[in-house]
Structures are given as structure tokens and as C-alpha cells.
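Read off the chains here:
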Amino acid sequence: DVKVTQSSRYLVKRTGEKVFLECVQDMDHENMFWYRQDPGLGLRLIYFSYDVKMKEKGDIPEGYSVSREKKERFSLILESASTNQTSMYLCASSSGAILAENSPLHFGNGTRLTVT
Amino acid sequence: DQQVKQNSPSLSVQEGRISILNCDYTNSMFDYFLWYKKYPAEGPTFLISISSIKDKNEDGRFTVFLNKSAKHLSLHIVPSQPGDSAVYFCAASEKSGANNLFFGTGTRLTVIP
Chain F
1056 DVKVTQSSRY LVKRTGEKVF LECVQDMDHE NMFWYRQDPG LGLRLIYFSY
1106 DVKMKEKGDI PEGYSVSREK KERFSLILES ASTNQTSMYL CASSSGAILA
1156 ENSPLHFGNG TRLTVT
Chain E
11 DQQVKQNSPS LSVQEGRISI LNCDYTNSMF DYFLWYKKYP AEGPTFLISI
61 SSIKDKNEDG RFTVFLNKSA KHLSLHIVPS QPGDSAVYFC AASEKSGANN
111 LFFGTGTRLT VIP
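Residue numbers (my numbering), protein chains in the order written: chain F, 1056 to 1171; chain E, 11 to 123.
Hints were generated in silico from the structure; no laboratory data involved.
Treat the hints with care, since some could be wrong.
Unchecked claim - With a straight-line cut-off of 25 Å between C-alpha atoms, the simulated BS3-like cross-links for lysine-lysine are:
hint: 1; chain 1: E; residue 1: Lys-81; chain 2: E; residue 2: Lys-15
hint: 2; chain 1: E; residue 1: Lys-47; chain 2: F; residue 2: Lys-1058
hint: 3; chain 1: F; residue 1: Lys-1073; chain 2: F; residue 2: Lys-1110
hint: 4; chain 1: F; residue 1: Lys-1126; chain 2: F; residue 2: Lys-1108
hint: 5; chain 1: F; residue 1: Lys-1112; chain 2: E; residue 2: Lys-15
hint: 6; chain 1: F; residue 1: Lys-1108; chain 2: F; residue 2: Lys-1073
Please put together the full structure from these sequences, using the hints given.
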């Protein structure tokens, strides 16, 4: 069974802090993703990566960066946290193209970040 | 602008009855659709999918129907069980190979015992 692990369930950070959200998957998946979930907005893609050291912007990359130094690990970085980045952050992974019926996204349990 | 819409934020159904969750989309380039289920404090889990070459896909109690002309899909759960109580997200993607799923805002289903 695919396991996607997010290092923290809850985080509280101050405005202006640099924040690291870590995600590890154990199924050797090529693709990894960071989404944020907000009430009334669903899940929105921040960044994704289809290979080590490769990254692509999603729909809302402003204020974020990512790092993928190893295949199993994908980090989301908030360079200078702001209150509008208070949200639930979800990491996901998939093998091959997500369009394929047998390679859906597998999500972690999420990190609820509060920026005060 | 929301390309995938779930206009009902919540739905309550009696145990044993049918649950119907609806989803509309605006992008005619979408040709692959998925439903995810999310319990509190957990990440979404994949439930069922359908490609645009089909109009129905069934997996046990779950059936997804696609109406391309109306840009509408629905998820039917029959019979509904209390364990089905969760938030259901509809998602869609394009055939172009772009690695992005566009998610709806979710519908919270409550199945009443």
C-alpha cells in the first residue's frame, strides 16, 4: 500500500518566518505534488515535480518554493510566511501520468499550518 | 475561476437509500474525471474514475455517470452506508498530459443510520 507521510500534522508559525513542510513517499513514484485546501476553494495545486531536481509551477505558486533532492522526498518552502498562507497543505504522489486509470494521486494526511 | 464546480456543499441521506453527488465543469478539454473521498484528519483517497470515451463506470456500490454534452458528472452510491459519510471531491484533467488535476470544492455527505 502506498504511503505518503507528511512530517507534521499541525504547525503554528509567525509572520515572516521561513517554513518547511516535508513529504516522503515510499513507492518510488516519479511524480509528487503539493496542494492546499481551503474552504470554498477545494484543492489547488501549488507545485509539482516529475523527477528529482525538476519542478513545475501549479496554479498558485506565489510565495512558495519547492525542493526535490531525492526521489522520495518533496519539500514545500514558505520563504516568508504570511497570514494568508494559513491553510491545510496536502502532499501527493503518483506513478507515471496521473491521467492513467491505474495511477491516481495518493495523498498524505495533511499539515494544518497556522500563521499568526 | 473554478473550472470544476460542486454546487451542493452538503447532502444528507438515510442509510440504505441512494446518494447522488453532482459535479459540473466548464473546460471542454477535460476528458478524465475522478472522485476522491476524504475523512476528517486524513488525506483524500481515490474512489472511482471515468474517461470521456465512457458514459458510465461502476465499481461495487459506486457508479459514476458522465454527460459530456452537459459537462456534468455524478456519483451514485447505492445503498448508502454510515461509513460513506465523508467529503467527496470531484476532479478533472486534460488529455494533453499536463500533470494537474482540477478539484471541485467538495460535498459533505452524511449518511444517517
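Outcome of the hint check:
For the proposed pair Lys-81 (chain E) and Lys-15 (chain E), the alpha carbon gap of about 11 Å is at most 25 Å, so the pair holds. About 17 Å separates the Cα atoms of Lys-47 (chain E) and Lys-1058 (chain F), which keeps this hinted pair within 25 Å; it holds. Restraint check for Lys-1073 (chain F) and Lys-1110 (chain F): the C-alpha separation of about 20 Å stays at or below 25 Å, so the hint holds. Taking the CA atoms of Lys-1126 (chain F) and Lys-1108 (chain F), the gap is about 9 Å. The hint holds against a cut of 25 Å.
For a cut-off of 25 Å, the pair hint linking Lys-1112 (chain F) to Lys-15 (chain E) stands: about 23 Å separates their Cα positions. For a cut-off of 25 Å, the pair hint linking Lys-1108 (chain F) to Lys-1073 (chain F) stands: about 21 Å separates their Cα positions.
In summary, this structure violates none of the numbered hints.
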